[in-house]
Amino acid sequence: MLLPELKALAGQLGITGSSAMRKGDLVTAIGDRQGRSQEAPAAASSGRSRPPRVKQEPTQTAPAESAAPAAAASDQAPEAGGNVERPRRGEHEERRDRPPRQDRQRSEGSRGDNQRGESQRNDNQRNDNQRNDNQRNDNQRNDNQRNDNSRGDNQDRDFDRGGNSRRRGRDRFRDRSGRGDRQRSGGGGGAYNDIDTEIHDDDILVPVAGILDVHESYAFVRTTGYLPGSNDVYVSLAMVRKHGLRKGDAITGSTKQPKEGDRREKFNPLVRIDTVNGGDLESARNRPEFSKLTPLYPQDRLRLETESGNLTTRVIDLVAPIGKGQRGLIVSPPKAGKTMVLQAIANAITVNNPEAHLMVVLVDERPEEVTDMQRSVKGEVIASTFDRPAEDHTIIAELAIERAKRLVELGHDVVVLLDSMTRLGRAYNLAAPASGRILSGGVDSTALYPPKRFFGAARNIEHGGSLTILATALVETGSRMDEVIFEEFKGTGNMEL
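In case it helps, our numbering puts the sequence shown at residues 694 to 1190.
Any given hint could turn out to be false.
[As the list claims (entries may be wrong)] Simulated pairs of lysine-lysine, BS3-like, Cα-Cα distance not exceeding 27 Å:
| id | residue 1 | residue 2 |
| --- | --- | --- |
| 1 | 985 | 1098 |
| 2 | 716 | 700 |
| 3 | 959 | 985 |
| 4 | 959 | 940 |
| 5 | 1031 | 985 |
| 6 | 1031 | 940 |
| 7 | 959 | 1031 |
| 8 | 935 | 1183 |
| 9 | 1098 | 935 |
| 10 | 1028 | 1145 |
| 11 | 935 | 1031 |
| 12 | 1071 | 1098 |
| 13 | 1145 | 940 |
| 14 | 1183 | 985 |
| 15 | 940 | 716 |
| 16 | 1028 | 1098 |
| 17 | 1071 | 1028 |
| 18 | 1071 | 1031 |
| 19 | 1028 | 1183 |
| 20 | 1183 | 1098 |
| 21 | 1145 | 1098 |
| 22 | 1098 | 1031 |
| 23 | 952 | 985 |
Simulated from the structure, these hints should not be mistaken for lab results.
Fair warning: this is a prediction, and the values are worked out from it, not measured in the lab.
Please work from the sequences and hints to get the whole structure.
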């Protein structure tokens, strides 16, 4: 029976508010009204056999169930106000035509099974969709990873190309993730974070020695001098912090000899440290810092006069004596013999002061002068010729002065001869990133700070140890840049020749 017919039947039975009722409520109200109009026995029997409350009328699964109550209600509708026997007979017919309770339950169960089957199919569809989405997401992530790897490989190839690219010029002095060493040596520091440094019984150890060069995210032992080379040894920052290592330390240790089938690294990692600056590891941790040492004026002289025929050193002793901890400038125009004066001073120091550690730093000099200095001076010669990039000039200058500081921390007397301070300032002007503030002559305002830090390291330490620096400076070259550099360093020294 349709909803309008049920509303009409409810109106005939006198049920109020039937227009706002739902279909299930109308069927219940009509059944209750008809049950009250019957006699007591009939009411009792009808109460026992009354079907459960209908919540939803089936449309597809049980058409006979909806047709039987409709026929019974249509038979009772015109005789609702008549005698008692007619509604009773109609009620019996309604019960007789109605399907049994078990059949109704089976039909309802089948409907429930159909609903559960549909819900399961929906869940399966949703699960399939989720799996498809997950597969698509995984594919996207894999594609992104492949793209990232390809970008990383391209960047590594760009870094390994090195050379004279503009990126190298911009990224000098920055040392981001080993980029500087990748450009200079073809390797990187970021790829060595997970290297195993444990020593096993079957490992073959190879002894190494060199100067430690520490940067922000990596460190190397320079085994072939002060410049980066292909035989350098990688040192992890964890090992540097553990043993209290500093830039410029002379360390000896061991590396693992590569085995057959192992992954070939660009640099072998350092697995063990034996000595630091000739001492044990405990003394290296407890040494003082150079910046915390008390500087004093020079008190002890460095005698330079050796032979009666060598007038250069004798005149220097008379006119401009040099003491331990002196910070002096040797000023002259080009081709005036500064290099010969430096050779005479170096030979005099090795003869008269053998306890002093002599270091000769040659920056942007001619190769033949470097060879002549190495053969004529009995000391440590650190050189970077003019045919090398400006970055190499700054590298050897910084590492050399750090090496001198480490020796002073141990109480040694160190003498550094620099040739020349003007060319070192030019190298920093080319290598340092531009700050935007340009002085007269094209000198960047930040390019003169590193040479000034180099020159200002000279001092006499209160409780032993000294660092003496003698640097040459060019004047009368016709270049405004050289004049600016000389004027910047003129007031920082305490001796001028």
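Check each numbered hint against the structure and report the violated ones by number, ascending.
Of the numbered hints, 3, 5, 6, 7, 8, 11, 15, 16 and 23 do not hold.
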